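Let's have the full structure, built from the sequences with the hints guiding it.
Protein chains: 2
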Amino acid sequence: MTPKVSRFLHDVAPATPCLVVDVDRVAENYARLKAALPLARIYYAVKANPAAPILSRLVDLDSCFDAASLEEVNLCLANGARPEAISFGNTVKKESAIKAAYDAGVRMFAFDSEPELRKLARSAPGSKVYCRILVGNVGAEWPLSKKFGCEVEMARELMVLAGELGLDPFGISFHVGSQQTRTDAYEAAIAKVGLLFTDLKNAGVNLRMINIGGGYPVRYRSEVPEIGAIGDAIMGAMVEAFGNALPEMVVEPGRFIVGDAGVVSSEVVLVSQKGKDDPVRWVYLDIGRFGGLAETEGEAIKYAFRTPHDGGAEGPVTIAGPTCDSTDTLYEKSNYRLPLALDSGDRVELLATGAYVTTYASQGFNGFAPLAEHYI
Amino acid sequence: MTPKVSRFLHDVAPATPCLVVDVDRVAENYARLKAALPLARIYYAVKANPAAPILSRLVDLDSCFDAASLEEVNLCLANGARPEAISFGNTVKKESAIKAAYDAGVRMFAFDSEPELRKLARSAPGSKVYCRILVGNVGAEWPLSKKFGCEVEMARELMVLAGELGLDPFGISFHVGSQQTRTDAYEAAIAKVGLLFTDLKNAGVNLRMINIGGGYPVRYRSEVPEIGAIGDAIMGAMVEAFGNALPEMVVEPGRFIVGDAGVVSSEVVLVSQKGKDDPVRWVYLDIGRFGGLAETEGEAIKYAFRTPHDGGAEGPVTIAGPTCDSTDTLYEKSNYRLPLALDSGDRVELLATGAYVTTYASQGFNGFAPLAEHYI
Numbered sequence: 017m018t019p020k021v022s023r024f025l026h027d028v029a030p031a032t033p034c035l036v037v038d039v040d041r042v043a044e045n046y047a048r049l050k051a052a053l054p055l056a057r058i059y060y061a062v063k064a065n066p067a068a069p070i071l072s073r074l075v076d077l078d079s080c081f082d083a084a085s086l087e088e089v090n091l092c093l094a095n096g097a098r099p100e101a102i103s104f105g106n107t108v109k110k111e112s113a114i115k116a117a118y119d120a121g122v123r124m125f126a127f128d129s130e131p132e133l134r135k136l137a138r139s140a141p142g143s144k145v146y147c148r149i150l151v152g153n154v155g156a157e158w159p160l161s162k163k164f165g166c167e168v169e170m171a172r173e174l175m176v177l178a179g180e181l182g183l184d185p186f187g188i189s190f191h192v193g194s195q196q197t198r199t200d201a202y203e204a205a206i207a208k209v210g211l212l213f214t215d216l217k218n219a220g221v222n223l224r225m226i227n228i229g230g231g232y233p234v235r236y237r238s239e240v241p242e243i244g245a246i247g248d249a250i251m252g253a254m255v256e257a258f259g260n261a262l263p264e265m266v267v268e269p270g271r272f273i274v275g276d277a278g279v280v281s282s283e284v285v286l287v288s289q290k291g292k293d294d295p296v297r298w299v300y301l302d303i304g305r306f307g308g309l310a311e312t313e314g315e316a317i318k319y320a321f322r323t324p325h326d327g328g329a330e331g332p333v334t335i336a337g338p339t340c341d342s343t344d345t346l347y348e349k350s351n352y353r354l355p356l357a358l359d360s361g362d363r364v365e366l367l368a369t370g371a372y373v374t375t376y377a378s379q380g381f382n383g384f385a386p387l388a389e390h391y392i
Numbered sequence: 017m018t019p020k021v022s023r024f025l026h027d028v029a030p031a032t033p034c035l036v037v038d039v040d041r042v043a044e045n046y047a048r049l050k051a052a053l054p055l056a057r058i059y060y061a062v063k064a065n066p067a068a069p070i071l072s073r074l075v076d077l078d079s080c081f082d083a084a085s086l087e088e089v090n091l092c093l094a095n096g097a098r099p100e101a102i103s104f105g106n107t108v109k110k111e112s113a114i115k116a117a118y119d120a121g122v123r124m125f126a127f128d129s130e131p132e133l134r135k136l137a138r139s140a141p142g143s144k145v146y147c148r149i150l151v152g153n154v155g156a157e158w159p160l161s162k163k164f165g166c167e168v169e170m171a172r173e174l175m176v177l178a179g180e181l182g183l184d185p186f187g188i189s190f191h192v193g194s195q196q197t198r199t200d201a202y203e204a205a206i207a208k209v210g211l212l213f214t215d216l217k218n219a220g221v222n223l224r225m226i227n228i229g230g231g232y233p234v235r236y237r238s239e240v241p242e243i244g245a246i247g248d249a250i251m252g253a254m255v256e257a258f259g260n261a262l263p264e265m266v267v268e269p270g271r272f273i274v275g276d277a278g279v280v281s282s283e284v285v286l287v288s289q290k291g292k293d294d295p296v297r298w299v300y301l302d303i304g305r306f307g308g309l310a311e312t313e314g315e316a317i318k319y320a321f322r323t324p325h326d327g328g329a330e331g332p333v334t335i336a337g338p339t340c341d342s343t344d345t346l347y348e349k350s351n352y353r354l355p356l357a358l359d360s361g362d363r364v365e366l367l368a369t370g371a372y373v374t375t376y377a378s379q380g381f382n383g384f385a386p387l388a389e390h391y392i
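Just so you know, the protein sequences line up as chains A and B, in that order.
For reference, each letter of the first sequence is one residue, going 17 to 392 in my numbering.
For reference, each letter of the second sequence is one residue, going 17 to 392 in my numbering.
Treat each hint with caution, since some may be false.
Any copy, or any two copies together, can satisfy a pair, since identical chains are not distinguished.
DSBU-like cross-link-like pairs, simulated, lysine-lysine; straight-line CA separation at most 30 Å [said to hold, decoys possible]: (1) 318 x 50; (2) 115 x 290; (3) 162 x 292; (4) 318 x 349; (5) 144 x 292; (6) 162 x 318; (7) 115 x 144; (8) 290 x 162; (9) 208 x 292.
Honestly, the hints are just simulated from the structure, not real lab data.
A quick note: this is a predicted structure, and the numbers were derived from the prediction, not measured.
Following this line, the structure appears as structure tokens:
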């Protein structure tokens with residue numbers, strides 16, 4: 017928690033549940049990533065947190081933007097982004113959304129299938145396109161399965177087809193999974209892309225861009241590699257794959273830019289036991305999985321907690337949200353311990369929750385309104 | 017899909033994604049349940065779908081309401097419900113919410129722990145209270161774990177304490193899990209409550225109500241028991257447990273009342289393959305897990321689909337939502353098959369989706385607005 021957020025929570029004591037984000041910390045994270053990967057263009061993954069104060073601050077820093085939908089494209093434009101600075105990065109788009117983004121000046125689009133490529137040829141003629149390939153996600157705490165990307169052989173054929181369809185076959189992208197805590201996932205993926213570049217060059221297609229996606233980790237309960245070490249590993253793999261003919265590099269950080277800039281403040285609604293001799297207390301908060309903490313599904317992302325009783329004696333707890341849905345349970349198996357003195361009415365902070373919280377919040381499950389947001 | 021919904025979709029062709037609910041079907045389901053369990057008072061579980069046209073129709077039918085939050089209490093009141101017809105059924109409540117509901121006239125509250133009981137004694141003095149106990153959920157497709165309810169021994173002590181604290185120790189509740197497809201879960205739970213009634217009578221506490229919760233199933237892909245058979249099993253267990261001194265019976269249906277009254281209409285955004293020889297196609301819809309289909313988590317609830325090409329040749333598919341999140345995948349392991357002719361732009365209907373969809377919808381994940389709602 018940054019001193020500014022801490023002060024705000026103390027002085028203002030905003031109604032819970034709410035998210036407080038230190039926008040200066042967003043700028044610092046942008047600078048840290050820039051320093052770790054000076055050759056890369058940063059496309060902020062808007063989906064991580066699309067709040068206007070974050071987007072406009074990043075526009076000031078000359079960031080580019082990775083948009084997942086036409087709505088996100090429009091949000092970037094409304095906050096001052098130039099259309100040339102926007103990549104429409106979702107490989108699954110309605111053709112009407114492609115057309116509208118193109119009409120607004122967007123000229124860079126992702127795809128991973130022939131039907132999508134043909135939509136782009138029809139509705140975004142001449143645009144730069146990049147194909148997303150499937151790579152391993154080992155080491156990611158929020159892995160991405162096979163939903164996006166295609167096999168390398170298919171990517172090769174599609175990039176040839178892209179040129180034939182009048183599009184600009186610009187590059188290749190991949191994603192090693194979110195909250196990626198290992199560097200070998202990047203190294204293996206970059207080597208794979210290097211081979212594909214060579215292969216396509218032999219076929220007469222000169223790619224110019226590699227998009228290494230996001231996934232850069234944020235510290236929750238456990239230590240994670242420093243961004244400098246990740247940057248070094250990526251650049252090492254780039255030189256090994258491309259020698260001194262490095263293509264343009266694109267990165268799409270989301271969590272890394274906003275994660276540790278934000279804190280969710282909540283209230284304890286109840287602390288109870290299921291039986292008199294049960295050693296585990298249940299702690300119910302006024303925010304849960306359907307109030308925005310969706311990434312606790314499967315206890316994947318393990319947030320750190322701060323309570324007014326920290327330092328006192330602790331005991332094992334199950335932590336749950338306020339709704340009547342049993343799946344609205346945050347942590348049951350991850351060995352969380354909280355102070356024995358914790359009680360109804362106490363305020364509890366969830367640290368490093370600036371990313372992937374506000375937009376996940378349900379519009380009103382069990383009648384609860386989405387959490388409030390404060391950007392300071 | 018009811019004829020009225022079918023006609024509406026054909027004539028109006030509303031923008032997707034959207035939910036269309038036949039409110040007459042809601043009334044029919046209410047009547048069906050009433051016929052199956054004539055001795056029970058129906059408390060509609062507002063969380064299943066809190067839309068005003070549903071609540072006001074149920075008010076006209078003299079339904080009672082099970083509210084999960086102060087916001088839902090207020091919604092019921094705003095739609096004409098009398099405060100005496102409302103049960104505040106969440107066992108986890110802020111004391112400020114208890115006080116506000118009590119001030120509005122609500123006099124029936126759930127609890128499952130001593131701290132919550134003491135909140136009720138302070139802020140809802142003299143109210144009828146019922147304790148939720150833990151029971152087995154075998155047979156439920158959306159089971160409820162240990163989040164709500166306490167051990168029977170604890171319930172016994174708490175009901176004695178309730179009287180001492182000036183509350184009215186009214187009854188016992190349980191929940192066998194949502195979309196419960198077996199009747200033995202009800203039978204075992206009712207027998208457990210019967211023993212507790214006797215035990216408490218011997219301790220001088222005369223309980224008068226049994227709340228057998230909800231869970232009554234809706235037909236999705238597979239056949240489920242008829243509500244008449246479930247009603248018979250419940251009444252058989254009641255007579256066995258209580259003889260002819262039957263207590264008041266309360267039921268809290270949600271899914272059963274609104275589930276098959278609604279249909280989600282969506283558009284196919286893309287149909288693609290991951291590799292040329294991959295036999296499984298990926299079908300991406302414009303609604304997914306974060307657009308409201310939250311109950312597809314773990315592929316728990318298996319919706320049935322209707323497409324414009326039904327009857328034609330089919331092949332295996334993975335079905336996913338429109339966002340850049342891999343967990344936004346609906347069905348990958350449940351052996352869904354859809355027509356080979358299915359393509360981008362086709363409309364697809366998800367049947368029996370009137371319950372637990374609209375309120376789960378995220379307020380804007382990846383920029384997508386919540387689905388539209390039509391009550392006809």
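To see whether the hints hold, each was checked on the structure:
Taking the shortest Cα distances, residue 318 and residue 50 sit within 30 Å of each other inside one copy (27 Å), while across copies they are farther apart (45 Å). Proximity of residue 115 to residue 290 under the C-alpha cut-off of 30 Å is restricted to the inter-copy arrangement: shortest distance 25 Å between copies versus 56 Å within a copy. In this homomeric assembly, residue 162 and residue 292 come within 30 Å of each other (Cα to Cα) only across copies, at 15 Å, whereas the closest approach inside a single copy is 46 Å. In this homomeric assembly, residue 318 and residue 349 come within 30 Å of each other (Cα to Cα) both inside a single copy, at 11 Å, and across copies, at 27 Å.
In this assembly of identical chains, residue 144 and residue 292 lie within 30 Å of each other by CA distance solely across copies; the values are 24 Å between and 65 Å within a copy. In this assembly of identical chains, the alpha carbons of residue 162 and residue 318 lie at most 30 Å apart whether taken from the same copy (24 Å) or from different copies (21 Å). In this homomeric assembly, residue 115 and residue 144 come within 30 Å of each other (Cα to Cα) only inside a single copy, at 14 Å, whereas the closest approach across copies is 60 Å. Taking CA atoms no more than 30 Å apart as the test, residue 290 paired with residue 162 passes between copies only; the shortest distance there is 8 Å, against 40 Å inside one copy.
When the C-alpha separation of residue 208 and residue 292 is checked against a cutoff of 30 Å, the pair qualifies only between copies, where the shortest distance is 19 Å, while the shortest distance within a copy is 57 Å.
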